[in-house]
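Enquirer: Each chain, written out:
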Amino acid sequence: MLVDLAGGWNPMLGRLAWSQIPYDNPILAPLFVAVVIGAVLVLGLITYYGKWTYLWKEWLTTVDHKKLGVMYILIGLVMLFRGFIDGLMIRTQQAWAVGPHSSGVFGATHGYLTPFHFGQVYSAHGVIMILLAATPLLVGFMNIIVPIQIGARDMAYPYLNALGLWFTAAAGALIMISLFVGDFAHNGWFGYAPIFELQYSPGVGVDYWIWTMELLALGTTLGGINILATIIKMRAPGMTWGRLPIFVWASLASNVIALTSFPALQVALALVAADRYLGAHFFTAGLGGNLMLYTNLFWIWGHPEVYFVILPAFGMMSEIFPTFSEKPLFGYMTMVLASMAIAGVSWLVWLHHFFTMGAGPYVNSAFSVATMLVGIPTGVKVFNWAFTMYRGRLTFNAAMLWAIGALFLLLVGGLTGMMLAVPAINYMVHNSVFVVAHFHSMLLTIVYAIFASVIYWFPKVFGFKLNEFWAKTMFWLFSAGTALVFVPMYMLGFMGMTRRLDYVFNTAWHPYLLVMEFGIVVYTLSVLAFFALLYVSVRDHASNQVGADAWGTSRSLEWLTHSPVPFYNFAVLPHVNARDEVAWRRDNGIDHVQPDHYEDIHMPNNTGVAIVLGGLTFVLGFALVWRIWWLCAFSLLAIIALVIYRSFKGDPGYIITAAELEQMEKAAMRREARIGKQQHRVGSGVLGEAIAYARSDLPSLASQPGSTGGLDHRS
Amino acid sequence: MSSHGSNVDPKTAELWDKSHYQHDVISTRTFGYFMYLLSDGMLFATLFAAYGVLSYQHSYSGGPTPADFVKPWYTFAQTMALFVSVLSYGLAMNALKHKNKSGVINGLLAAFVLGVLFLALDIHDMTHLASSGITVATSGGMSAFIILTQVHAAHVFFGLIWILVMMAQVLAKGFTTDVVGRLLTLRMFWHLQAIIWVFVFVFVYLWGYMS
Ligand code: HEM
Ligand SMILES: [Cu+2]
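If you read the sequences in order, they're chains A and B.
The numbering of the first sequence is UniProt numbering, which starts it at 1 and goes up by one.
The numbering of the second sequence is UniProt numbering, which starts it at 1 and goes up by one.
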């Protein structure tokens with residue numbers, strides 16, 4: 001029943017052969033050498049400093065949601081960098097290979113990438129940015145922040161949490177190894193029928209794409225279950241639904257989407273695999289297959305997925321605006337409803353990705369109207385944020401700048417989305433770079449929100465702030481890059497430039513493409529600014545220490561516990577009395593009241609099972625790609641055996657005694673006292689304090705009942 | 001309500017939990033598992049959708065259709081095997097309420113044997129099809145038919161392994177919180193497979209037989 005393959009196959013190595021290693025490729029071979037040297041260097045340094053035990057005990061086997069979240073974010077940042085390099089390669093090719101007289105090197109007729117290689121680069125760019133950069137970054141933040149914001153000590157299932165991380169890491173490893181062993185898919189991040197069928201894509205590229213995405217889907221579904229269960233089951237006493245921070249609500253809505261939509265992706269890809277491995281005819285052009293079935297199944301996941309990634313970003317913005325406007329979020333209830341509405345409607349619009357399928361005027365209008373409906377809750381959110389800032393005491397620090405940038409991009413992306421939702425317009429610009437510019441505006445909204453959150457929550461996790469100057473420099477460079485790349489891209493879209501061109505035939509577009517190339521150079525500078533930001537911040541960390549309430553104007557529960565957050569989160573679980581509990585306590589002058597006695601607490605043990613399972617799934621994925629059947633069987637059996645082993649062993653957890661707890665808490669409080677109440681207001685924005693006016697008609701904080709000078713520490 | 005959505009008096013408010021609030025392990029676990037089953041349901045829903053799209057006349061590309069080979073009584077026997085298996089699992093859970101170890105083991109054993117019967121019937125059916133030249137490669141319609149039914153069978157297969165594991169755990173560890181929690185989640189899993197089978201039986205086998 002297994003299909004015949006074009007190339008060779010042998011029982012030991014499957015399709016693997018020396019010829020699959022691109023050692024003669026002028027781009028990949030040097031890169032490979034660099035990667036090997038880098039890896040040896042890193043491993044050598046770890047060995048030299050004797051950090052292996054530390055790494056294993058503190059990170060690789062951890063089940064602590066904060067450490068797992070940090071690792072998610074690290075993976076996300078590394079993949080963001082890889083995806084950025086892909087983007088740079090795409091832009092360079094398009095700026096170079098314009099018109100029949102453009103030169104060509106490295107075997108390409110025009111530019112420096114052959115069409116096949118170019119196809120791999122943009123496919124990898126899309127998959128990586130959406131599923132391996134944005135998703136892990138957001139999941140990482142949800143992992144770190146959600147449990148603390150609801151006053152829990154960990155996720156509902158700490159071990160499952162580790163498993164989700166290591167599946168994601170395995171997927172990342174799989175897509176990275178496709179650089180050097182075999183090739184990657186060349187058919188775009190969503191792949192279309194029938195080009196991904198074995199007949200038309202005989203290599204292993206599509207197989208890499210399938211199994212990478214399957215692993216990611218698995219990891220994300222597990223993560224989604226975990227976050228949902230955490231929110232629903234683990235809230236601290238008093239944390240009623242009406243008091244839940246908006247980021248938590250957004251995570252809830254987002255993960256409802258993940259839970260329900262990712263199975264559709266899993267099935268769509270599994271059916272592609274059935275076609276390619278078993279010779280089935282789901283999506284083939286003959287023998288009863290149906291090409292549009294794939295397109296439908298993919299976007300039934302694909303559209304909810306885009307809301308899965310944007311909703312947490314909305315949640316982040318909803319935390320940052322109030323903090324730096326010193327006002328509660330405007331329209332809490334409408335914000336909750338809007339998130340849920342977006343999650344619901346996201347299911348009803350998938351067909352707008354292929355209006356041109358020609359389903360007819362009735363179907364197209366129905367989906368067009370449904371798509372425009374999304375604009376209502378999104379608009380509600382935009383106005384809520386604007387009203388939150390309106391007459392607030394604004395602080396334009398770096399986090400706020402990034403959040404405001406996200407707001408502007410959301411407007412651009414949302415409005416162009418509305419245009420695309422009109423079938424008459426869509427027929428004109430479908431598959432043009434206008435669409436590419438639209439969704440980059442949207443996805444960059446997410447990236448902006450993520451960088452805002454990196455700056456905003458960094459002090460909570462690490463105990464010191466990032467450098468404001470470099471964070472702002474990076475912001476302005478990044479924004480200049482965004483404008484330079486995407487404004488011309490919108491224009492080119494209107495001029496009819498289609499997406500994914502490895503050769504641009506129209507020389508009239510050249511100037512625009514050169515501006516975009518310049519934009520990429522500016523982006524590169526912002527990446528350098530990011531490295532400078534990390535370097536300078538870590539160098540100066542001693543002078544940037546912060547206490548529990550790092551910003552002095554924070555509102556939700558994560559700011560109640562120490563910074564950096566102790567591994568048990570809260571020595572005694574807080575009893576929640578208000579929405580924006582920390583702001584409530586601060587305004588009433590009771591924010592420094594500490595618990596008077598401690599009780600033993602029960603914590604889960606570390607486990608090496610999760611990372612080993614991750615490694616085995618990587619092996620399984622690799623074996624499937626290369627059709628090494630014995631290795632598939634072996635790794636699958638090993639996975640089952642390990643799961644059973646873990647199930648027998650269980651985890652009794654361990655106890656932190658009240659005495660130990662008290663000691664650690666005392667140490668943390670001593671640290672806090674040493675830093676002093678330097679809750680300095682950060683007024684160094686572009687416009688500085690000029691705009692941060694004090695107003696007497698705001699519900700006065702000092703005049704709240706029972707507050708005797710609750711404002712002291714802010715003056 | 002003030003701007004904080006709170007009408008608690010800060011002077012008397014309880015700030016730290018004094019109730020030694022504990023999360024209920026079993027209910028947290030079964031709830032999470034319920035969500036996993038939701039996603040499993042979505043997986044089958046997608047497969048059914050694919051089957052729906054690929055069960056038109058032209059999907060079979062002139063080749064055999066389910067009407068040519070489905071034997072309703074044979075599949076009915078499978079149905080009964082699975083249903084009685086679920087019933088015996090239910091009886092095992094009843095025994096669990098009375099902390100009756102041998103009752104649990106016997107119920108699980110019966111559920112296991114009937115599950116194996118179900119699977120054996122399915123495998124026999126599939127090898128029979130293959131020997132008459134009908135595989136996933138025959139046509140789009142047959143791909144959908146075989147993959148949908150076999151994904152269900154794969155679920156049953158993993159359920160059977162799990163039943164064995166639970167029998168061993170009940171014997172080795174008795175009714176600890178972990179073991180009881182897993183027995184409950186396995187029960188949910190096993191029930192869901194029977195429910196899905198109802199749809200498979202009706203919409204794939206019977207419908208296919210009639211059309
Ligand atoms: C106001 C809300 C939105 C509307 C009305 C909207 C509308 C659309 C439409 C009609 C298309 C199809 C264009 C075509 O291919 O002809 C599209 C494509 C796309 N949108 Fe949006 N969109 C919205 C929000 C978002 C968000 C929030 C994201 C992601 C975070 C997003 C990401 C994408 C992506 C990735 C594609 C194209 C994927 C591809 O073809 O590769 N959109 N959008
Ligand atoms: Cu969409």
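Please keep in mind that the hints were generated in silico from the structure rather than gathered at the bench.
Treat the hints with caution; some may be incorrect.
Examples of chain A residues toward chain B, derived with CB under 8 Å [stated by the list, open to error]:
| no. | residue |
| --- | --- |
| 1 | Val-36 |
| 2 | Val-40 |
| 3 | Gly-44 |
| 4 | Leu-45 |
| 5 | Ile-46 |
| 6 | Arg-91 |
| 7 | Leu-198 |
| 8 | Ile-225 |
| 9 | Leu-259 |
| 10 | Pro-263 |
| 11 | His-281 |
| 12 | Phe-282 |
| 13 | Leu-291 |
| 14 | Tyr-568 |
Think about it this way: if two alpha-carbon atoms lie no more than 25 Å apart in a straight line, the pair counts; the simulated SDA-like pairs of lysine to any residue are [stated by the list, open to error]:
| no. | chain 1 | residue 1 | chain 2 | residue 2 |
| --- | --- | --- | --- | --- |
| 15 | A | Lys-649 | B | Gly-174 |
| 16 | B | Lys-18 | A | Asp-600 |
| 17 | A | Lys-67 | B | Val-25 |
| 18 | A | Lys-649 | B | Trp-162 |
| 19 | A | Lys-233 | B | Lys-11 |
| 20 | B | Lys-18 | A | His-430 |
| 21 | B | Lys-11 | A | Val-572 |
Far from chain B, by Cβ distances over 10 Å, these chain A residues were calculated [unchecked claim]:
| no. | residue |
| --- | --- |
| 22 | Val-3 |
| 23 | Gly-107 |
| 24 | Tyr-157 |
| 25 | His-575 |
Small disclaimer: the values here were computed from a predicted structure and weren't measured.
Note that CB positions come from ideal geometry on N, CA and C, so glycine has one too.
Enquirer: Each hint: holds or not?
Expert: Taking the hints in turn, this is what the structure says about them:
no.	hint	result
1	Val-36	39 Å, violated
2	Val-40	41 Å, violated
3	Gly-44	42 Å, violated
4	Leu-45	40 Å, violated
5	Ile-46	35 Å, violated
6	Arg-91	36 Å, violated
7	Leu-198	12 Å, violated
8	Ile-225	5 Å, holds
9	Leu-259	5 Å, holds
10	Pro-263	4 Å, holds
11	His-281	4 Å, holds
12	Phe-282	5 Å, holds
13	Leu-291	11 Å, violated
14	Tyr-568	14 Å, violated
15	A/Lys-649 to B/Gly-174	14 Å, holds
16	B/Lys-18 to A/Asp-600	13 Å, holds
17	A/Lys-67 to B/Val-25	23 Å, holds
18	A/Lys-649 to B/Trp-162	15 Å, holds
19	A/Lys-233 to B/Lys-11	29 Å, violated
20	B/Lys-18 to A/His-430	60 Å, violated
21	B/Lys-11 to A/Val-572	19 Å, holds
22	Val-3	8 Å, violated
23	Gly-107	37 Å, holds
24	Tyr-157	6 Å, violated
25	His-575	5 Å, violated
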